[in-house]
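Novice: Now for the letters of each chain:
Number of protein chains: 2
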Amino acid sequence: MKTINVGLIGFGTVGSGTAEVLHEQAARLEKRTGHLIRLKTVADLNVESIPAHLGDVKLTKDVEDIFGDPEIDIVIELIGGIEPAKTFILKAIASGKHVVTANKALVSQHGMEIFNAAAAQGVEVGFEASVGGGIPVIKALKEGLVANNIMSIMGIMNGTANYILNKMTDEGAPFQEVLAEAQEIGYAEADPTYDIEGIDTAHKLVILMTMAFGMHVKLEDISTEGISSIEPIDIEFAREFGYRIKLLAISVNHGDHVEARVHPTMVPERHMLANIGGAYNGIHFNGDMVGNVLLYGLGAGKMPTGSAVAADVVDIARNIVHGSINRVPSLSYRPENITAGSITPMEELRCPYYFRISAADEPGVLSTLAGILGKNDISIESVIQKSREEGGTVPVVILAYEASESSVRKALAEIDSLDICPVKTVKIRILQDRDNGQG
Amino acid sequence: MKTINVGLIGFGTVGSGTAEVLHEQAARLEKRTGHLIRLKTVADLNVESIPAHLGDVKLTKDVEDIFGDPEIDIVIELIGGIEPAKTFILKAIASGKHVVTANKALVSQHGMEIFNAAAAQGVEVGFEASVGGGIPVIKALKEGLVANNIMSIMGIMNGTANYILNKMTDEGAPFQEVLAEAQEIGYAEADPTYDIEGIDTAHKLVILMTMAFGMHVKLEDISTEGISSIEPIDIEFAREFGYRIKLLAISVNHGDHVEARVHPTMVPERHMLANIGGAYNGIHFNGDMVGNVLLYGLGAGKMPTGSAVAADVVDIARNIVHGSINRVPSLSYRPENITAGSITPMEELRCPYYFRISAADEPGVLSTLAGILGKNDISIESVIQKSREEGGTVPVVILAYEASESSVRKALAEIDSLDICPVKTVKIRILQDRDNGQG
Numbered sequence: 017m018k019t020i021n022v023g024l025i026g027f028g029t030v031g032s033g034t035a036e037v038l039h040e041q042a043a044r045l046e047k048r049t050g051h052l053i054r055l056k057t058v059a060d061l062n063v064e065s066i067p068a069h070l071g072d073v074k075l076t077k078d079v080e081d082i083f084g085d086p087e088i089d090i091v092i093e094l095i096g097g098i099e100p101a102k103t104f105i106l107k108a109i110a111s112g113k114h115v116v117t118a119n120k121a122l123v124s125q126h127g128m129e130i131f132n133a134a135a136a137q138g139v140e141v142g143f144e145a146s147v148g149g150g151i152p153v154i155k156a157l158k159e160g161l162v163a164n165n166i167m168s169i170m171g172i173m174n175g176t177a178n179y180i181l182n183k184m185t186d187e188g189a190p191f192q193e194v195l196a197e198a199q200e201i202g203y204a205e206a207d208p209t210y211d212i213e214g215i216d217t218a219h220k221l222v223i224l225m226t227m228a229f230g231m232h233v234k235l236e237d238i239s240t241e242g243i244s245s246i247e248p249i250d251i252e253f254a255r256e257f258g259y260r261i262k263l264l265a266i267s268v269n270h271g272d273h274v275e276a277r278v279h280p281t282m283v284p285e286r287h288m289l290a291n292i293g294g295a296y297n298g299i300h301f302n303g304d305m306v307g308n309v310l311l312y313g314l315g316a317g318k319m320p321t322g323s324a325v326a327a328d329v330v331d332i333a334r335n336i337v338h339g340s341i342n343r344v345p346s347l348s349y350r351p352e353n354i355t356a357g358s359i360t361p362m363e364e365l366r367c368p369y370y371f372r373i374s375a376a377d378e379p380g381v382l383s384t385l386a387g388i389l390g391k392n393d394i395s396i397e398s399v400i401q402k403s404r405e406e407g408g409t410v411p412v413v414i415l416a417y418e419a420s421e422s423s424v425r426k427a428l429a430e431i432d433s434l435d436i437c438p439v440k441t442v443k444i445r446i447l448q449d450r451d452n453g454q455g
Numbered sequence: 017m018k019t020i021n022v023g024l025i026g027f028g029t030v031g032s033g034t035a036e037v038l039h040e041q042a043a044r045l046e047k048r049t050g051h052l053i054r055l056k057t058v059a060d061l062n063v064e065s066i067p068a069h070l071g072d073v074k075l076t077k078d079v080e081d082i083f084g085d086p087e088i089d090i091v092i093e094l095i096g097g098i099e100p101a102k103t104f105i106l107k108a109i110a111s112g113k114h115v116v117t118a119n120k121a122l123v124s125q126h127g128m129e130i131f132n133a134a135a136a137q138g139v140e141v142g143f144e145a146s147v148g149g150g151i152p153v154i155k156a157l158k159e160g161l162v163a164n165n166i167m168s169i170m171g172i173m174n175g176t177a178n179y180i181l182n183k184m185t186d187e188g189a190p191f192q193e194v195l196a197e198a199q200e201i202g203y204a205e206a207d208p209t210y211d212i213e214g215i216d217t218a219h220k221l222v223i224l225m226t227m228a229f230g231m232h233v234k235l236e237d238i239s240t241e242g243i244s245s246i247e248p249i250d251i252e253f254a255r256e257f258g259y260r261i262k263l264l265a266i267s268v269n270h271g272d273h274v275e276a277r278v279h280p281t282m283v284p285e286r287h288m289l290a291n292i293g294g295a296y297n298g299i300h301f302n303g304d305m306v307g308n309v310l311l312y313g314l315g316a317g318k319m320p321t322g323s324a325v326a327a328d329v330v331d332i333a334r335n336i337v338h339g340s341i342n343r344v345p346s347l348s349y350r351p352e353n354i355t356a357g358s359i360t361p362m363e364e365l366r367c368p369y370y371f372r373i374s375a376a377d378e379p380g381v382l383s384t385l386a387g388i389l390g391k392n393d394i395s396i397e398s399v400i401q402k403s404r405e406e407g408g409t410v411p412v413v414i415l416a417y418e419a420s421e422s423s424v425r426k427a428l429a430e431i432d433s434l435d436i437c438p439v440k441t442v443k444i445r446i447l448q449d450r451d452n453g454q455g
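These protein sequences, in sequence, are chains D and Y.
Sequential numbering of the first sequence, starting at 17, is according to my numbering.
Sequential numbering of the second sequence, starting at 17, is according to my numbering.
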């Protein structure tokens, strides 16, 4: 029986969860793999606060105690953020150690530098925990769906945003109130920007796209909108039309170019993604062979993320024992086959739309609005006009058939410049029915 | 670049799909793995009917052309059923070849003989396609969730049964009519027994249980009930109570013993499993670390199943190239750590129940029924009694709180022996809310 020694950098929420998973499951992992996976050293600046129950694990403030220990095979980085995480990972690689990380910000923005360094050293980098928490989604893309050209990725990849939207849906409460509540119970961070503005979701989409399509993608090329402008009234109208509003990451493979965007989306209520509750994540792929596949689970949290980190550690441990390092390429395609990705400009997107226009409650308004939309090749599927006063305006809600984003932007600019429309129009994109995930 | 040669036995629906996947995806698999995976030989008794587009693949009626070919590394068995599939697989193993199969009947009933033979020969047996079609569920259990004690398995694992129940739900049509329709369009087989009586689902549950719990399970120990006795009226009542009826495989890990059963189940309508539409499958695990995970996709069909078969072929090809055969044990636990499983007798099951009692429409009936239930420790949660005549009887529908199966059987035997209850009572088990899959 071989012992694989592990060093862990960062003993925060996920770090302590990972230590707990490795400790709790040690006997099971031995029964499954035949080897002993041993957490040897934990490095954290607040080493004093690490509980004693870790047993004979060495605690240190100095990461060099990990990099310099020839017994340590695998380094787990769980401090998050770009620096010093990046420096630590590159040092671990330079020391000939394999790396496991949950750091989506880092992998999505500096992944290539890290993977190239790892390739040069002949070590592996595991990052299952960077997308979808405990859901084995990276492994599914790299191995389970290996014989597929992935045609689309659609997912709810941020549990905080999903929790807030669900609360708003169930209780009709406004965004700010639900956010404050979520912060109080620890479901949202003090600075929630990354979660609610879709940035965290975009990080994860970049990672999945690289593996699904075998292409480099730049984070800044992903059009990203968050949920902070969604109001309860939009959720209510969505329901009337048979939709639920979800923050989705969407990427569609058109062969020579690829759509990639993160925005609130109206999802048909019978679609699997419409029914992802609470802080859960759901990631949907369409493969040219397998059809629709959805993977669902807790996208964050101490133990689920620890479960994914441990799975990566086991994967690498197996490769160490069997001498099969880099048996599966880190990014699913072999490095020489990864190409530069071309992302479709957002203006060229075509999809159905929901518009909530706040217009003066006077005759002829609808005709004016319909005229502007028609002139821009936007066809109306249905209209709800309710005379509920809101500072002198009424909401005119319009569902439009598939139209181009550029036409929509032009039309809404004109509408929003009208005297009868004093408030900015709310626009929400609608998931097309052909993507309904039910075949 | 290494070439891995594959022989395929059985060119039916899944066989031709697999050939198509390997052909269509050959370039992609090379870009991902760096090796060439080549379908060298196809053996089928109706070799004449194999289309010419397979190119330079050798066609034969004689399986010995595969077993005797020293170039062939991996044999895919896709003829289904017990014999001659079992003999062929054992011969392939004896010839030193790795095996990939989609044969759930065989793996669930003769798996140990096959896995032992493979272990003795140092070859691998892949069976991802035997459960959940294209969904990478076996890989998830063996690798992605490796650091978990699986606490429960719950799944819709038969697309035909799910399709029929959904059609009955959406259209209010009776079972026989929907079945006939499904047979006409090829969604159900001429002899649908395996699908509609839960036998196919039980096969798949046995396979998942072995890997989830590391235990041998006998097919005959799984209590199995099908959907042929479900009537539209039950579906309607289920809806009134907020449930949908699904054919579920359920296995709960109680440590020293394990529940294992297949039966129609009332699932809370917001549960992910309640929303699995069409011919889709959904398989739900609860892991002690990861929490709830659901994997969803097409559980059958030519291309999805071919996708899973191809994934197994790639997995084994990687192990051949890297010299890492049996890197992951076939059954997730190493053979010496797989124990004999003890399945809880069905009588000891405790869960909430739905009863539809057909009773004479006369005063005092409810009191009699309630008396019998109460005497057997069965508490009533709610009752719907509608005076809709059905040959002199009215349906009395009762939801009962958690009760033991043995009490329920006793109570229903007494109720069904009453003169006022001339028709057998329908009983459907209810999925408990604590399993609601939403955390």
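Treat the hints with caution; some may be incorrect.
Because identical chains share one entry, a pair is satisfied inside a single copy or across any pair of copies.
[As the list claims (entries may be wrong)] Straight-line C-alpha distance at most 27 Å; calculated DSSO-like pairs for lysine-lysine:
1) Lys-74 - Lys-402
2) Lys-158 - Lys-56
3) Lys-47 - Lys-234
4) Lys-56 - Lys-183
Calculated from the structure, these hints are not laboratory results.
Novice: Next step is simple, just say for each hint if it's right about the structure.
Specialist: Verification of the hints:
1. Lys-74 - Lys-402: neither (66 Å within a copy, 70 Å between copies)
2. Lys-158 - Lys-56: between (29 Å within a copy, 25 Å between copies)
3. Lys-47 - Lys-234: Between. Shortest inter-copy distance 22 Å satisfies the 27 Å Cα cut-off; intra-copy 42 Å does not.
4. Lys-56 - Lys-183: Neither way: Lys-56 and Lys-183 sit 42 Å apart in one copy and 56 Å across, limit 27 Å.
In summary, the structure is inconsistent with hints 1, 4 from the numbered list given earlier, while agreeing with the others.
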